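*Asks:* Each chain, written out:
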Amino acid sequence: MDDILLQILNGLDKGSAYALITLGLTLIFGTLGVVNFAHGSLFMLGAFVAVIVRKIMMISSVTLDPTRTNFLGKPLEIKTTYIEQWFGSFGTWMIDYSVPIAVLVAIPVMMLVGFVMERGLIKHFYHRPHADQILVTFGLAIVLQEIVKKFFGANAIPQAAPEAASGALDIGVWLGFAENAVIYPEWRLIYFFFAVAVIAAVFSFLRFTTFGMVVRAGMVDRETVGLLGININRRFTLMFGIAAAVTGMAGVMYAPILSPNYHMGMDFLVLTFVVVVVGGMGSLPGAVLAGFMLGILESFASMNEVKSILPGIDQIIIYLVAIIILLVRPRGLMGKAGVMED
Amino acid sequence: MSKLITSRRGLIKSGAAIGAGLATPTIFGSSVWAGSHGGYTNAPTGSTVTLGFNVPQSGPYADEGADELRAYMLAVEHLNGEGDGGMMNTFSSKELKGNGILGRKVEYVTGDTQTKSDAARASAKSMIEKDGAVMITGGSSSGVAIAVQSLCQEAGIIFMAGLTHSNDTTGKDKKANGFRHFFNGYMSAAALAPVLIDRYGADRKAYHLTADYTWGWTQQASMAAATEAMGWETVANVLTPLATQDFSSYVAPVLNSGADVLILNHYGGNMVNSLTSAVQFGLKNKQVNGKNFEIVVPLYSRLMARGAGENVKGIFGSTNWHWSLQDEGSKAFVKSFGEKYGFPPSQAAHTVYCQTLLYADAVERAGTHNPCGVAEALEGFKFSGLGNGDVEYRAEDHQCFKDVLVVKGKENPTSEFDLLEIVEITPRAKVEYAPDNEFFAGGDLGQCNPGA
Chain C
1 MDDILLQILN GLDKGSAYAL ITLGLTLIFG TLGVVNFAHG SLFMLGAFVA VIVRKIMMIS
61 SVTLDPTRTN FLGKPLEIKT TYIEQWFGSF GTWMIDYSVP IAVLVAIPVM MLVGFVMERG
121 LIKHFYHRPH ADQILVTFGL AIVLQEIVKK FFGANAIPQA APEAASGALD IGVWLGFAEN
181 AVIYPEWRLI YFFFAVAVIA AVFSFLRFTT FGMVVRAGMV DRETVGLLGI NINRRFTLMF
241 GIAAAVTGMA GVMYAPILSP NYHMGMDFLV LTFVVVVVGG MGSLPGAVLA GFMLGILESF
301 ASMNEVKSIL PGIDQIIIYL VAIIILLVRP RGLMGKAGVM ED
Chain A
1 MSKLITSRRG LIKSGAAIGA GLATPTIFGS SVWAGSHGGY TNAPTGSTVT LGFNVPQSGP
61 YADEGADELR AYMLAVEHLN GEGDGGMMNT FSSKELKGNG ILGRKVEYVT GDTQTKSDAA
121 RASAKSMIEK DGAVMITGGS SSGVAIAVQS LCQEAGIIFM AGLTHSNDTT GKDKKANGFR
181 HFFNGYMSAA ALAPVLIDRY GADRKAYHLT ADYTWGWTQQ ASMAAATEAM GWETVANVLT
241 PLATQDFSSY VAPVLNSGAD VLILNHYGGN MVNSLTSAVQ FGLKNKQVNG KNFEIVVPLY
301 SRLMARGAGE NVKGIFGSTN WHWSLQDEGS KAFVKSFGEK YGFPPSQAAH TVYCQTLLYA
361 DAVERAGTHN PCGVAEALEG FKFSGLGNGD VEYRAEDHQC FKDVLVVKGK ENPTSEFDLL
421 EIVEITPRAK VEYAPDNEFF AGGDLGQCNP GA
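One line per chain: the protein sequences are C and A, in this order.
Residues in the first sequence are numbered consecutively from 1, following this note's numbering.
Residues in the second sequence are numbered consecutively from 1, following this note's numbering.
Think of the hints as simulated: they come from the structure by calculation, not from any bench.
None of the values given here were measured: they were computed from a predicted structure.
Mixed in with the good hints, there may be bad ones.
To be verified - Restraint-style ranges between C-beta atoms, simulated for each label pair: (1) C/F151 / A/D327: 34 to 42 Å; (2) A/E411 / C/Q85: 21 to 29 Å; (3) A/E411 / C/P311: 35 to 43 Å; (4) C/F211 / A/E411: 50 to 58 Å; (5) A/E411 / C/G167: 13 to 21 Å; (6) C/G167 / A/E438: 52 to 60 Å; (7) C/F151 / A/T414: 22 to 30 Å; (8) A/G290 / C/I324: 40 to 48 Å.
All residues carry an ideal CB built from backbone N, CA and C; glycine is no exception.
Work out the full structure, taking the sequences as your base and the hints as a guide.
*Replies:* Right, dumping it as structure tokens:
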């Protein structure tokens with residue numbers, strides 16, 4: 001029982017990331033009708049916003065300590081960050097909380113990235129076949145990841161969660177299990193609640209604001225909304241920015257869980273597309289549901305007990321489930337008729 | 001919106017086409033070893049000789065590959081008589097005079113292995129066929145090393161392996177044209193186990209997480225055998241796919257398994273991520289079975305330690321070489337590398353630098369680039385002054401035998417490079433094994449192949 005609970009918890013944080021990325025992907029697909037293969041890159045860029053914010057905070061002045069030597073026998077360089085020199089203990093606090101601070105930075109930055117991406121490139125492919133859209137966005141993804149590699153190198157760059165949230169909770173003890181039975185890192189729990197909050201915010205925005213209502217109307221019938229004198233394209237562009245921000249924030253918050261590296265976007269991309277197809281193309285609730293579901297399933301499949309019966313199942317479980325669901329429900333869990341069908 | 005949309009089938013088809021395009025190996029066919037002179041493949045005829053440096057320039061091990069490439073360029077400089085000569089001055093063999101190899105200026109070409117066997121074979125093949133490379137060296141993965149080694153065997157080219165730590169490289173997959181300076185999983189385990197038992201006691205239960213490919217398998221088997229022989233019990237061994245990014249679902253059940261030691265048979269990015277997960281799950285400061293829970297990383301590198309940050313503190317592992325060694329060879333190498341690039345070299349850089357000098361020296365001693373002559377000169381070759389004490393290239397399996405370093409993540413690093421401290425230098429005698437050892441059995445060197 002405790003094992004099962006542990007794997008459900010474990011699946012939640014991965015599922016949260018899937019859900020957030022897929023949510024952004026579906027928003028873009030639902031509004032602009034574009035299959036955005038560069039979407040994983042937005043997640044990666046978000047994670048690198050965390051890296052950059054921390055790098056900026058760590059800019060230091062260098063003094064030489066003649067009493068100690070470096071590896072070449074020369075005086076050792078001592079670095080002190082400017083932020084600590086200027087702000088003292090508040091500076092130290094800011095460095096400690098660089099990831100949450102980066103979330104705030106990521107919102108405008110990622111929206112801007114989204115606008116540039118949409119206005120600069122994707123706009124020109126609205127009336128082209130999906131194959132072209134896939135190729136150009138996939139190409140963009142490769143370009144973005146190579147740029148990041150050029151500047152940050154190929155190795156992962158670890159990002160620490162704030163000291164106060166980097167421990168682990170013995171959740172099992174609260175629920176009456178033995179000590180050490182269900183241990184769960186605090187930051188992953190925070191990630192889950194963060195994801196729930198963002199998802200709730202996006203749904204509320206679409207459901208309860210006039211802007212959201214127009215966007216939803218546009219998703220159903222773009223032409224009619226346009227005929228009513230509403231500039232739907234501008235709103236859709238804004239939705240692209242919002243989707244980029246949601247995915248970027250997901251990346252920032254994920255940085256302490258998975259050290260950012262240049263290929264993390266590609267790694268998530270394939271899985272999120274499976275999530276989209278399982279959830280149903282164009283369905284926002286489907287995307288969220290399938291995200292959490294596949295995250296938890298993946299977690300269960302990597303249990304030793306399961307792997308000893310079905311070796312290698314952890315590598316194929318998601319695709320296996322996707323096949324079964326598409327056979328049983330060809331439109332995915334919550335897909336609607338008419339989406340991506342002739 | 002329906003205007004924009006073609007069909008689901010179309011989407012899936014295009015996606016599949018892109019995927020297939022990415023997965024297709026880039027090997028191109030042509031008559032492989034034609035156009036050679038002098039009785040062996042790519043015999044140099046002009047005033048230059050070309051070496052092929054096959055390192056990961058993209059993919060997850062690209063930083064390791066970049067460091068290898070720096071070391072190769074340094075070695076070429078030194079061979080051609082530029083720079084301060086580095087370890088050529090401390091090398092026990094005095095054949096290298098700084099006038100290239102056999103009087104020919106050393107040039108090089110580079111290939112990108114991408115840490116993928118097929119890409120590595122394709123780039124090695126291209127360097128041999130198009131660029132006329134007379135020797136191939138490099139790599140940062142055992143899967144790649146084994147694949148390229150067998151290609152070089154067929155091509156009649158000497159392969160001087162880079163960073164490869166699987167027992168199989170000089171075990172069941174050994175080849176007469178292939179030589180490995182780097183140590184291996186068995187040697188890591190033999191050096192590490194006594195230290196672990198000394199620090200953590202003989203009554204321990206170990207849980208292994210293991211990268212699911214040749215290196216992980218042999219590393220895990222070696223560690224399990226060495227620790228079990230000294231009293232430890234192996235609770236579980238879970239294989240993790242090489243592509244795993246988030247190890248939380250593998251790490252989560254560890255505490256509840258009754259184990260009190262976690263052994264991470266992971267390398268590079270895998271190790272960084274699995275160790276980070278383990279620390280996040282609080283493993284480093286838990287008590288199990290009345291003892292402190294411990295984590296062990298059998299194969300360490302400084303580049304990995306940098307990736308894992310704070311998490312490596314206090315964690316034991318082994319390494320082939322470390323820049324803080326104080327012998328003359330290491331000091332000379334650190335100095336020339338450090339002054340050229342501004343930071344100390346990694347163990348990957350060290351091993352490939354040594355391999356380049358060892359090859360050049362063997363050619364000088366043999367008087368030819370002919371792989372059979374070079375192999376004969378390297379087999380049983382004893383040397384020192386390259387940073388690992390007295391070393392021997394064993395004739396039976398082309399494995400170098402030398403001291404192994406047991407290291408620990410440093411508690412109070414003084415700089416960003418000062419991440420590992422050397423706990424013990426395990427003498428060569430303690431890590432040596434018979435050529436027919438069970439972990440290395442099954443292979444056959446075969447005959448040297450000069451190609452052409």
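*Asks:* With reference to the structure, classify each hint as holding or not holding.
*Replies:* Going through the hints against the structure:
no. : hint                        : in the structure
1   : C/F151 / A/D327: 34 to 42 Å : holds, 37 Å
2   : A/E411 / C/Q85: 21 to 29 Å  : holds, 26 Å
3   : A/E411 / C/P311: 35 to 43 Å : holds, 40 Å
4   : C/F211 / A/E411: 50 to 58 Å : holds, 55 Å
5   : A/E411 / C/G167: 13 to 21 Å : holds, 20 Å
6   : C/G167 / A/E438: 52 to 60 Å : violated, 44 Å
7   : C/F151 / A/T414: 22 to 30 Å : holds, 27 Å
8   : A/G290 / C/I324: 40 to 48 Å : holds, 46 Å
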